[in-house]
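**Student:** These are the residues of each chain, in order.
2 protein chains.
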Amino acid sequence: MPHRPGKLHLNAFLMTIGHHESAWRYPESNLTGTWDVAHYQHLARVAERAKFDSIFFGDGPALQGDIRYRPVGRLDPTALLPALAVVTERIGLVATASTTYNEPYNLARRFATIDHISGGRAGWNIVTTAGSDAAQNFGLDEVPEHRHRYERAAEFVDVCLQLWDSWEDDFLIGDREKGRFADGDKIHRIDHEGRFFRVRGPLNVPRTPQGHPLLVQAGSSEDGREFAAQYAEAVFTAQQTLAEGQAFYADLKRRIAAFGRKPGLVKILPGIVPVLGGTEEEARRRESELAELQVPAYGLKQLSGLIGAELTEADLDRPLPPVGDVTAVRGMQSRFALVTDLARRENLTVRQLLSRLGGGRGHRTFTGTPEQVAETIEEWFTQGAADGFNVMPPLLPSGLEAFAEHVVPILQRRGLFRTEYEGTTLRDHYGLPRPENRFAARRAAGGQVAAAAPAR
Amino acid sequence: MPHRPGKLHLNAFLMTIGHHESAWRYPESNLTGTWDVAHYQHLARVAERAKFDSIFFGDGPALQGDIRYRPVGRLDPTALLPALAVVTERIGLVATASTTYNEPYNLARRFATIDHISGGRAGWNIVTTAGSDAAQNFGLDEVPEHRHRYERAAEFVDVCLQLWDSWEDDFLIGDREKGRFADGDKIHRIDHEGRFFRVRGPLNVPRTPQGHPLLVQAGSSEDGREFAAQYAEAVFTAQQTLAEGQAFYADLKRRIAAFGRKPGLVKILPGIVPVLGGTEEEARRRESELAELQVPAYGLKQLSGLIGAELTEADLDRPLPPVGDVTAVRGMQSRFALVTDLARRENLTVRQLLSRLGGGRGHRTFTGTPEQVAETIEEWFTQGAADGFNVMPPLLPSGLEAFAEHVVPILQRRGLFRTEYEGTTLRDHYGLPRPENRFAARRAAGGQVAAAAPAR
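Read top to bottom, the protein sequences are chains A and B.
Residue numbers for the first sequence follow our numbering, beginning at 3 and rising by one.
Residue numbers for the second sequence follow our numbering, beginning at 3 and rising by one.
Any given hint could be a false lead.
Straight-line Cα separation of at most 25 Å, BS3-like style, residue types lysine-lysine; simulated pairs [as the list claims (entries may be wrong)]:
1. B:Lys9 / B:Lys180
2. A:Lys180 / A:Lys9
3. A:Lys303 / B:Lys180
4. B:Lys9 / B:Lys303
5. A:Lys9 / A:Lys303
6. B:Lys255 / A:Lys180
Here are the simulated distance ranges between beta carbons [what the hints assert, rightly or not]:
7. B:Asp171 / A:Asn32: 12 to 22 Å
8. A:Arg416 / B:Gly196: 53 to 63 Å
9. A:Arg178 / B:Glu407: 21 to 31 Å
10. B:Asp171 / A:Ser306: 24 to 34 Å
11. A:Arg178 / B:His150: 40 to 50 Å
12. B:Glu91 / A:Asp327: 51 to 61 Å
13. B:Glu91 / A:Pro321: 54 to 64 Å
14. A:Ile175 / B:Glu294: 54 to 64 Å
15. A:Asp172 / B:Glu284: 34 to 44 Å
16. A:Arg415 / B:Gly176: 33 to 43 Å
17. A:Glu294 / B:Ala443: 53 to 63 Å
18. A:Asp172 / B:Ile175: 52 to 62 Å
19. B:Pro435 / A:Asp327: 35 to 45 Å
Derived from the structure by calculation, the hints contain no laboratory data.
Heads up, the beta-carbon is just placed ideally off N, CA and C, and yes, glycines get one too.
My request is simple: use the sequences and hints to build the entire structure.
**Tutor:** What follows is the structure, encoded as structure tokens:
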């Protein structure tokens, strides 16, 4: 499927002081940067100067990863984004939040607030949260099973979409003389009653500059793809090879069409870990150096969590032991498949596998000169594997600064990437329209719409 | 009980574009200010220039109040505070959040994040949320009963306190050479199992600059007072007369002592609505003008909600009809008592009562010249009715600007209020110590402390 070259999209995935496990061991690292708003403000400004579409934070409500060997834990990204919104002007701001451990009214409202504060730059990466450590912070023994989580997620998003539309855009009357502030007929209860949620509405925040925050999704399992095809406007994914990227891209665009949506209105962004050097040799040296600084005990624990099998005693210099079947995985099914396929395909020892996962936990590492990295980006973009990329610098801030300084200008010179923002909202950057308000649409179609205020 | 005069505390209670129902009807009002971060940034800066201890936002997860007659609804204050934190330097930042409609892990983490982002200036006003409109946004038909809500609140706060201590302050090793980032023995599971919550921990955010956010409480019912006496570090309250203020103050300080806490370490701040004028006559005129601009339909609905009885058809020019007994009130018991006492004591017609409630919903209105208002503040402060005040300007920003410009300097000249911040955290401003970490204390006492990391 040939891809019509146009503008590609770049999202900066910001994680602690770098995506690579070894980032903190470099002398340049800010050991407490993970919890320092100034660190993230700097990163947001660097990404904005380079005209990135957006910055993005992953999240999970648990201390995941072994802090003895690496800075883990994170600030609540929904509280961090507002602090970044007011020191930036154009860049989009995407935070992850879980549909399994939140209530839709609270989360719809929080993201609406961020969209208001940022003037229309908010995005929500919708996750269902794998892992028993999160479950056990919310009264459960084990994470709910995969299908159940996705069913709840679908209803959760349905409720949010209704709440975000519960105020029509033109609710304001503002007649000081007559004492009429708002048109009560344009603010609506939603009276949702579903399997998981009963929510009356309306939201207590007006419709936002973007209509609603951009909906992002990042799970690539069967359930995840169906969910993305139905709801997502941008998709983050982990793909190791161009062929896998193309297959995923084609599959997801097909599913999107099957839901009656325009495939072009959903942007697919594989993750890449750029390891840059002035020469290819220097870049390779940097890659090896990062691998050598990994602590195997950390990687084995992460790998155990990733594929749901106990591997902390595994022999580092032998192949990955048998680890069961994807259908039994309660957690991250697509990541399980990616990792076991990678190990099998390239016949990697456990140590080699840990090294491959140390930077991007399954995302593709692009190692080379800025020219080479730009080349690969262009290849994936023009060959139908990506609408853009989720850039995951191994070290932060230096890896993002280097990408902004050396790779972005090449992409701009090749006409692949913007040199100026054209719009003001995140939807503008991704080339997505502001959604219509369902209540206003129903009214325009001559239908009945129930109003909230008079019924109170 | 004579009060030793010292420094009083001032908190600016920021609500939409003013506490008075009529605020929006003034030509100066910003009709969309309620949802505009720039409006709140301006207010935060005004309060900080005047050396207020803190600013504060009320909250409830529902559209409360009839928007046809007044700007209601509000941004999520936990998402608004970070946007204010990064444009201010010293002022404390307090947000309300409900223990009935949140999970402790999420909320403990969000407030910890705000405390990190603000460098130790976060406060949490703990509420249990009255009202069926909120309940119906969370799958319930009716709000849980008063006692039940407070029992849940107590356990909720207990869980948060444990989570906030789950990282000891000196967890960081940061040995780049040996690859040891943190001391796993200093980060703890909490393994809480209670009636309402099971939470494993640890939190995924380090201990915060303040140890934990300042705990604020604002319910003055019997349950509310007991809760405040046990947990609160600052208490907001509504008191109509000096005598009532003194009785509440003495009662709460007694209860605090009964829990083995030092009464001086809990600050009591009654709400005041300052209506200022260059002369007393001008101030009275302003007060009448505000009352004349009230829309009775709005006030009757609010009053109905406040006292849990249907009054929208009440005769405005007759006394308040009989409305039952406080013990049957599921919602705001103390506010019910305050309003019915006020109406009875002063033999008010419904219209007069609405006018008295239009500014502060039961909080005391201080009308007069800046000298007179400062005089009343000093009287309450020195006569054992208050450690400070929760200032609720009828119009925003002008009412806050006027208070800052005209009343604060008088209080400063009289030696009652600071002219400069002495510390950097909200606890510093309120003269409260940073709490000890319970795990570190246990270790210091030679006890066993379970560590989180090795058990993973």
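**Student:** Next, verify each hint and record whether it holds.
**Tutor:** Here is what the structure says about each hint:
1. B:Lys9 / B:Lys180: Not satisfied, since the Cα-Cα distance of roughly 51 Å exceeds 25 Å.
2. A:Lys180 / A:Lys9: Distance of about 51 Å is beyond 25 Å: violated.
3. A:Lys303 / B:Lys180: OK: A:Lys303 and B:Lys180 at ~18 Å, within 25 Å.
4. B:Lys9 / B:Lys303: 39 Å, violated
5. A:Lys9 / A:Lys303: 39 Å, violated
6. B:Lys255 / A:Lys180: 47 Å, violated
7. B:Asp171 / A:Asn32: 12 to 22 Å: 18 Å, holds
8. A:Arg416 / B:Gly196: 53 to 63 Å: This hint holds: roughly 60 Å between Cβ atoms.
9. A:Arg178 / B:Glu407: 21 to 31 Å: 25 Å, holds
10. B:Asp171 / A:Ser306: 24 to 34 Å: 30 Å, holds
11. A:Arg178 / B:His150: 40 to 50 Å: For A:Arg178 and B:His150 the Cβ distance comes to about 43 Å; the hint holds.
12. B:Glu91 / A:Asp327: 51 to 61 Å: 56 Å, holds
13. B:Glu91 / A:Pro321: 54 to 64 Å: Given a distance of about 57 Å, which is inside 54 to 64 Å, the answer is holds.
14. A:Ile175 / B:Glu294: 54 to 64 Å: 20 Å Cβ-Cβ, so the 54 to 64 Å window is violated.
15. A:Asp172 / B:Glu284: 34 to 44 Å: 38 Å, holds
16. A:Arg415 / B:Gly176: 33 to 43 Å: Check passed, 41 Å falls within 33 to 43 Å.
17. A:Glu294 / B:Ala443: 53 to 63 Å: Violated: the Cβ-Cβ distance is about 41 Å, outside 53 to 63 Å.
18. A:Asp172 / B:Ile175: 52 to 62 Å: Holds: the Cβ-Cβ distance is about 58 Å, inside 52 to 62 Å.
19. B:Pro435 / A:Asp327: 35 to 45 Å: Hint violated: Cβ distance 56 Å, outside 35 to 45 Å.
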